[in-house]
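One letter stands for each residue in the lines below.
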Amino acid sequence: MQMNARKIRDKLSSLGFEVDVNAVVRGIAGFNYKFDLIVENPSTRKKAIVIFLDKLDSRHVIPLLALRYDLDTQHVILAKQVEADTELILNEAGFKVIKISCGQEDENLAKRIACLLR
Amino acid sequence: MSNVLEECPTGIPGFDTVTGGGFFRGQLILVAGNPGSGKTSFSAKFIYEGARRFGEPGLIISTGESFKEFLFYMKGIGMDFHPLVDKEMVRYIELPVPTSREALMTLSEKLVSEAIKIKARRIVIDSLTPLLALNPPAEVRAILRNALKTLSQTLNATIIVTIEMPYGSERVGVDVEEFVTDGVIKLCLVGREIATPYRVMEILKLRGRSLARTKYQYEIGKPYGFKVLPHSFTQKAVSKIERSKRITTGLSGLDEIMKGGIIKGTTTLISGPPGSGKTLLLLQMAAENALRGEKVQFISLEEPKQQLEETLRFLGYDAKSLDEKGLEIMFLNPRELTTSSIYNFIDVLLGKESISLIIIDGVTSLRREYGEGFLRILKDLSFNSKLRGVTLVLSILESPLNGNSSYISTVADNIIELGFREENNRVSRTLLVLKSRMNWIDSTYRKLVLKDGRLGVERYADEC
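Just so you know, the protein sequences line up as chains A and B, in that order.
Quick note: the first sequence uses the working numbering, first residue 1, plus one each step.
Quick note: the second sequence uses the working numbering, first residue 1, plus one each step.
Warning: the hint list may mix true and false statements.
[Unchecked claim] Ranges of calculated distance between the beta carbons of each label pair, as one might list FRET restraints:
no., chain 1, residue 1, chain 2, residue 2, range
1, B, E88, A, A84, 15 to 25 Å
2, A, G16, B, P9, 55 to 65 Å
3, A, Q81, B, A133, 54 to 64 Å
4, A, N91, B, S341, 45 to 55 Å
5, B, E94, A, K34, 45 to 55 Å
6, B, E102, A, A84, 19 to 29 Å
7, B, P9, A, E107, 49 to 59 Å
No lab work stands behind these hints, which were simulated from the structure alone.
Just so you know, these numbers come straight off a predicted model, no measurement behind them.
By construction, the Cβ of each residue, glycine as well, lies at the ideal position given by its N, Cα and C atoms.
Make a model of the complete structure from these sequences and hints.
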């Protein structure tokens with residue numbers, strides 16, 4: 001996943017976004033969270049937190065929903081495997097879930113993230 | 001899109017009545033309570049009735065009891081979950097007490113996957129305390145407010161989470177839970193120092209419902225499992241008091257003071273120290289009413305039936321013939337009564353169509369068993385009698401003139417106080433009508449006498 005993160009960071013940077021890898025963010029409650037990527041559009045100041053997972057399933061629902069309350073930012077989850085019900089719940093809660101298909105280029109993933117911040 | 005929330009009646013006897021319908025779909029409810037206060041029973045009843053009566057699948061996630069223990073305990077209080085589990089209407093998940101923050105992921109996995117699997121409309125997490133203990137308050141707030149609340153709405157289910165409250169603590173949760181949920185219900189065991197502690201439910205918050213009051217008594221046990229005791233003040237109160245109809249006190253002199261007797265459907269307290277003649281007066285009242293064709297229920301909380309029948313004979317009545325005419329005498333041992341059994345008994349009693357007079361002798365003994373809950377029982381009893389038009393007469397030891405007991409007088413429409421007076425080196429028994437609602441009465445002391453084998457009322461010589 002770290003390879004993905006770096007390549008996506010490079011691509012997003014080349015598109016003019018400000019990108020931090022392994023960035024630490026302080027939540028409303030005062031906790032520090034570490035994320036794979038935080039992307040910001042410098043012109044709109046729109047931000048997205050990007051989380052990479054091998055498999056997104058029901059185990060992640062409560063922790064992610066709790067996290068979202070503490071960080072009122074767009075959350076993007078990139079995962080190789082996505083459980084359909086979990087995706088549905090998270091989408092309804094405002095998460096953006098992107099399934100990484102086999103052979104999908106990091107460039108495409110970066111573009112999809114960029115779209116969210118336009 | 002409709003802006004009306006879908007109702008979610010709990011099915012818990014009494015609860016939906018006092019709250020005006022129960023919960024709403026998608027709400028997150030916090031049930032806090034002392035150990036043994038009935039959090040599991042309340043939650044289980046919510047799931048049980050949901051599955052049984054409303055056809056709504058339910059999911060229980062327990063961090064405390066094993067499935068086997070749960071089934072056994074719940075069956076013991078009248079809820080047999082076996083058929084519901086067999087039909088997959090109820091799913092029970094044991095979540096071992098977690099020791100790490102990974103617990104949140106485990107809870108998430110169980111809750112989400114199982115809820116989706118059975119299409120749960122009702123979910124219980126019993127209890128959340130071990131999980132909350134692993135997280136700082138702000139994170140707890142996040143878990144409750146966003147995670148569970150979002151889940152309840154996404155799954156279109158109502159979620160109950162239970163939380164432990166140590167004895168002596170007034171705080172409901174860890175810190176903030178009560179502010180971030182749709183409802184907060186506190187369950188307490190009150191009066192652990194008295195013989196029969198009673199349970200009080202406090203609805204601290206329930207979004208979407210305007211509550212007339214917040215405290216209610218409840219009982220756990222067969223056959224209901226969990227039952228909120230009916231509180232009279234929530235009912236549409238249409239009193240059946242009939243001012244033109246009177247019930248004789250059994251003493252013509254007393255009837256005269258009360259302008260013809262006790263107004264039908266009112267509550268009368270006969271107070272007085274031991275030996276002042278309360279039981280004699282009550283028995284005579286019962287007998288005279290039975291002889292006039294009234295159906296009378298005489299309940300003693302102090303003396304057995306046989307002893308009372310002897311006293312009736314002493315007064316010159318034929319107990320057997322009174323029984324045939326409609327006087328039923330009953331002895332109840334207060335030590336064997338639970339609050340629930342008292343209310344059930346009252347319901348049955350007041351439900352008897354023909355009954356017109358209920359006399360309860362020795363009500364003070366209930367106070368010894370129920371502490372301050374005693375007054376609530378009396379008030380409910382009095383209120384329910386009025387709703388049915390049944391005249392109620394109670395005897396107590398406490399004088400309403402005594403500062404500590406003056407609150408008892410609020411229950412009664414009429415108060416007759418018996419006592420003693422010393423005159424010429426002799427002690428006589430006194431009778432004083434202290435209060436008579438809907439009447440203007442002569443409040444002077446009278447002498448209670450036994451004349452020709454019957455009780456009577458006379459004026460004192462110094463008054464004549």
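Does the structure break any of the earlier hints, and which numbers would those be? 3, 5
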